[in-house]
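Chemist: Sequence:
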Amino acid sequence: MSNDPVKPAPAPVEDQGSDQTTRGVLLGFASFAAFCFSDASVKLIEGALPPYESAFFGAVFALCVLPFLMRPGDRWTDIFATRNRPLWLLRFVSYPMGVIGSVTAFTHLPMAEAFCLIFLQPAFVTVMSVLFLKEKVGVKRWGAVVVGFIGVLIVLRPGFRELSIGHLGAIFAGLGGAVSVITFRAADAEEKKVSLFGAGILGGIVISGAVMIPSFEPPTSAEWAMLASYGLLAAGANLLLMSAAQHAPAAYIGPTQYSQMVWAILLGYLVFGDAIDTPTLAGIVLIVASGLLTLIRERQRGTSLPPPVAVSHHHAALALTPDEPEPEPAPEEAHS
Numbered sequence: 001m002s003n004d005p006v007k008p009a010p011a012p013v014e015d016q017g018s019d020q021t022t023r024g025v026l027l028g029f030a031s032f033a034a035f036c037f038s039d040a041s042v043k044l045i046e047g048a049l050p051p052y053e054s055a056f057f058g059a060v061f062a063l064c065v066l067p068f069l070m071r072p073g074d075r076w077t078d079i080f081a082t083r084n085r086p087l088w089l090l091r092f093v094s095y096p097m098g099v100i101g102s103v104t105a106f107t108h109l110p111m112a113e114a115f116c117l118i119f120l121q122p123a124f125v126t127v128m129s130v131l132f133l134k135e136k137v138g139v140k141r142w143g144a145v146v147v148g149f150i151g152v153l154i155v156l157r158p159g160f161r162e163l164s165i166g167h168l169g170a171i172f173a174g175l176g177g178a179v180s181v182i183t184f185r186a187a188d189a190e191e192k193k194v195s196l197f198g199a200g201i202l203g204g205i206v207i208s209g210a211v212m213i214p215s216f217e218p219p220t221s222a223e224w225a226m227l228a229s230y231g232l233l234a235a236g237a238n239l240l241l242m243s244a245a246q247h248a249p250a251a252y253i254g255p256t257q258y259s260q261m262v263w264a265i266l267l268g269y270l271v272f273g274d275a276i277d278t279p280t281l282a283g284i285v286l287i288v289a290s291g292l293l294t295l296i297r298e299r300q301r302g303t304s305l306p307p308p309v310a311v312s313h314h315h316a317a318l319a320l321t322p323d324e325p326e327p328e329p330a331p332e333e334a335h336s
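Using full-length UniProt numbering, you'd call the opening residue of the sequence shown number 1 and step up by one each time.
Computed spacing ranges between beta-carbons, pair by pair:
1. PHE160 - TYR269: 21 to 29 Å
2. THR22 - ALA289: 19 to 27 Å
3. PRO214 - LYS140: 47 to 55 Å
Treat the hints as calculated values from the structure; they're not laboratory data. Using N, Cα and C, we set each Cβ at its ideal position, and we do this for glycine too.
Build out the structure end to end from the sequences listed, making use of the hints.
Modeler: Structure representation (structure tokens):
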């Protein structure tokens, strides 16, 4: 009888795959929690700094992620290299538009309400896909858009409550993110990640910086701490999301973005004393349902999934873009 120690049998391939997917999903949840705490940090500044100043420093801190997007042979000058200059310029402009809008929204609105409106981004993406990419959108995806806009009307209740610049900022944040998504989809397959990402960061630094110079207000030590938390948490969240994309398909990670709403409600209540009324809660449910329906339908039809709504950090889109493409699902009817 042999005295050799018994070696454990290797885990089945299916179990290993399941563990990898679970790890990826958990990393996705951690990433979006970090994004939410990042946005809470900029809200804690309470409007003491102009939104474009916060956007400028957020873009500076976002530079931390660039080295992780570079591949062998990439150079820093590749940030400016592109196969489609108009799309590059759109990313250059849409990033600061989204960031300035989101900072404005979080400054003037409860966190949950700001997230709720910014989560219209998937609906904007669907409409823009039809207008600019000539995609065919079926009844179910249009239905998701309608549900989302009904949710927004319930939250805003125009004519029954006073609307503020925060609401406009949230809409601009969603639109800025949607424009970025469309430019990602329209980009040439050979476009480098460092260029896709770098265009937006460069736009945030240049545009926000130019607007900031005439009325620059040096941050206090407490504001510096909040700005650092805002930028570094977002950079760390992107790195977590990149790691998640290495473990699980985007179809599994994408829905975890809606956990931001839970964090927004908790942080809003515990830190900022925000209360949510019944109509706002109903609107949140409809808008989240709209986004999830869009994700499900686009995955089923084999459409490139919309990048996550990471609010002011919509460059997280690239973090969920693995180097190797996912296998395409079986095609369905064109108008399902």
